[in-house]
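Chemist: Sequence:
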Amino acid sequence: MKWTDRLWAATNWTLDTTIHALADTMSTCGTLVSVAGGAAYAISNVLHTQDVSAAYYGGVRTTGNFSLGVNITNLGYSFNDLLPWYYSNQINNKTPSYNLTEYVSSIMLINASAICIGTGAVLKTLGDNIHYWQQNREERREYSQTHQMEIANPSLKEYVYVSAEAVASGLTLAMFSTAVVAAVLNFSNLSLPDFTYPPKGDQKVYGEHYRGAVITQPFNISLDLGVSNFTIPVYFDNLNILLNKTANGTANATYGGGFFFKSNGATPKPSFEVTETFTSMTGFSAYIAKNFFNKKKNRLHIERIKEAEELSYTLVDLDLKN
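Numbering (full-length UniProt numbering), first residue to last: 1 to 322.
Since the hints were derived computationally from the structure, they do not count as laboratory data. Any given hint might turn out to be false.
Said to hold, decoys possible - Beta-carbon label-pair distances, calculated as ranges:
#1 Pro84 - Ala112: 32 to 38 Å
#2 Asn291 - Met108: 30 to 36 Å
#3 Thr95 - Gln217: 20 to 26 Å
#4 Asn93 - Leu243: 39 to 45 Å
#5 Phe66 - Asn93: 28 to 34 Å
The C-beta atom is built at its ideal place from N, Cα and C for all residues, glycine as well.
Work the whole structure out from these sequences, hints included.
Modeler: Written out as structure tokens, the structure reads:
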């Protein structure tokens, strides 16, 4: 193999890998966005049933020493003294409860869900089309080099089926995501998970309002309070006094907080049963459509291969006859 052939092979491998990575990334992002859109729609139906409040805890504890250095310069006399200090305080409070719709409206979340589902479908369509184009590009090169056969490029109809399959796949993921999240909320008695920071930990507080994990961070304190110089007149002489003041210690700051959800007794609109039934049926229908378009695409692909094989056999027969 010539060095030019090796260079060309390496170039093709790099290009193929890059295109596949791009297509896979777009398809994966489309999948995640579609799932998120479906989950957002399920949550939008229960926003008005949840009240939210915030609770927080903060505490500080400091210990250290205040250092005072006294130097009577004209007498050559000096001494140092350490004065210990300690301070501690904490707060544990919460905000009033508010309905979630006062912060996030159901319509806004539904619109966000629709945007996510649409964006997911577009990303999956682009990713799957790029992947299909690259797959057939490699296939044509393989057949040309190995079997001396020229396969036709995919027709526009094939790409239409690829796009339809991608859209149906995105819709399937979104609908099943909605059904799963709705079922989870239904069986969990409408309780949304609490969000706290830190989310978990060994150190916890159990106060009147905030009950959960906290985190402690130490800080070193080192303050140079400067030098003071003054004179005190006495009956025999003036005393020149030089004061050096510093403070050193440590402070431990402890904090934590979060948002806590509680059902207010309202019912979802529409009900969980309606949401689960509709989205499950829609998702199953989209799944059937996805498989239908996949079979149509594969059939056209097989026909292209057969046409190339028949043409190749015809050319071989003509060569043998001549």
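Chemist: Hint by hint, say whether it matches the structure.
Modeler: Going down the list of hints, with the structure as the test:
1. Pro84 - Ala112: 32 to 38 Å: 56 Å, violated
2. Asn291 - Met108: 30 to 36 Å: Holds, since Asn291 and Met108 (Cβ atoms, about 35 Å apart) stay within the stated range.
3. Thr95 - Gln217: 20 to 26 Å: Because 24 Å falls inside the window, the suggested range holds.
4. Asn93 - Leu243: 39 to 45 Å: 41 Å, holds
5. Phe66 - Asn93: 28 to 34 Å: 32 Å, holds
Comparing the model with each numbered hint stated earlier shows that hint 1 is the single one that does not hold.
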